[in-house]
Amino acid sequence: MLVSWVHALPSLIAAFLASLVEFVEALTVVLAVGTVRGWRPALFGTGLALVTLALMVLALGPTLTRIPLDDVQLGVGFLLLLFGLRWLRKAILRAAGVVALHDEKATFASETSLLKSYGRARDPRWDAVAIGTSFKIVMLEGIEVVFIVIAVGAAGGLLVPAAAGASAALVVVVLLGLALHRPLAKVPENALKFAVGVLLAAFGTFWLGEGVGVDWPGADRSLLGLIAWFLLVALGAVRLSRARRSAALAAAE
Amino acid sequence: MRALATILRELIGLFVDDGSLAAGTVAWAAICGWAVPLLGAGPRAQGALLVLGLAALLLENTLRASGRVRGEE
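So the protein sequences, as listed, match chains G and A.
Positions 44 to 296 (the numbering used here) are the ones given, in order, by the first sequence.
Positions 1028 to 1100 (the numbering used here) are the ones given, in order, by the second sequence.
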């Protein structure tokens, strides 16, 4: 039971946090579309994207179960590692002040002015700009969520906790969006991305290792050790990067 | 068509942001997966090398990016 919780909880948390970040980003654009171009086409585009994503999952899910588990672990672990290290790298650079922090208010403002610059639709109910914009953002962020759920869930047979985590994130963001009707600018996005990067890098390393025959000490429990290791490395990288950045700027003056 | 191209570009962008980190990860995974066992290292040593190498890659990459005065987007 302990092993299954050790295994399932990181999957659930990783899927929840990663999906939360993606849904917050999608909500910002959908809110901009709804505010400027009307709610009906904004929600239609969103619904269309959600149906497309559901069809993708239904098509890909059964295919994935036919692939031998070792191959799934190797492939998913490798992609998850690339994905996780990419998130972690960016979160480290943002925390160190090398890259600007993501600003939902600024995104909302730029999307709003872009959407206003397009002409009015002949029939506002079928506004192609609104439908296309909300469809695209929900598809883009949704594909990331689908990948994360499959990646953190499929290799360990934990699709249910991973999907539950993503669903919980969707419910949280939709409820907050309905209640606030404005971008969720106070969500500590970089801290979330930092945590997700650590979790996904650890998962990716674990599954890639399993796929190439690594004998992890403590089996599944070593996942917790990998999470602690990547957290330590990432925090160290933030300190070192901050110092390096200051030195580079001082030398350039 | 443009939307499809955007989706494809974003899909690749999911995994590759900085080319050198992605290339280093691919190379190190291949070394630890196939070359290290050929050299006679055990499965535990293989895991330790994988973990240490990935941390070194991440540290080197972030430090290199931090040293650039112009930073990045």
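Simulated from the structure, these hints should not be mistaken for lab results.
Hints may be right or wrong, so weigh each one.
[Said to hold, decoys possible] Facing chain A, a subset of chain G residues (Cβ under 8 Å, in silico):
#, residue
1, R109
2, L112
3, D113
4, F121
5, L122
6, V189
[Claimed, not checked] These stretches of chain G come out as covered by chain A in the derived footprint (C-beta under 8 Å, 3 or more residues):
#, region
7, 127 to 140
8, 179 to 188
9, 249 to 260
10, 276 to 282
Backbone N, C-alpha and C fix where the C-beta goes; we use that ideal spot for every residue, glycine too.
Status of each hint after checking the structure:
no., hint, result
1, R109, "violated, 22 Å"
2, L112, "violated, 17 Å"
3, D113, "violated, 12 Å"
4, F121, "holds, 6 Å"
5, L122, "holds, 6 Å"
6, V189, "violated, 11 Å"
7, 127 to 140, "holds (count 8)"
8, 179 to 188, "holds (count 5)"
9, 249 to 260, "holds (count 9)"
10, 276 to 282, "holds (count 4)"
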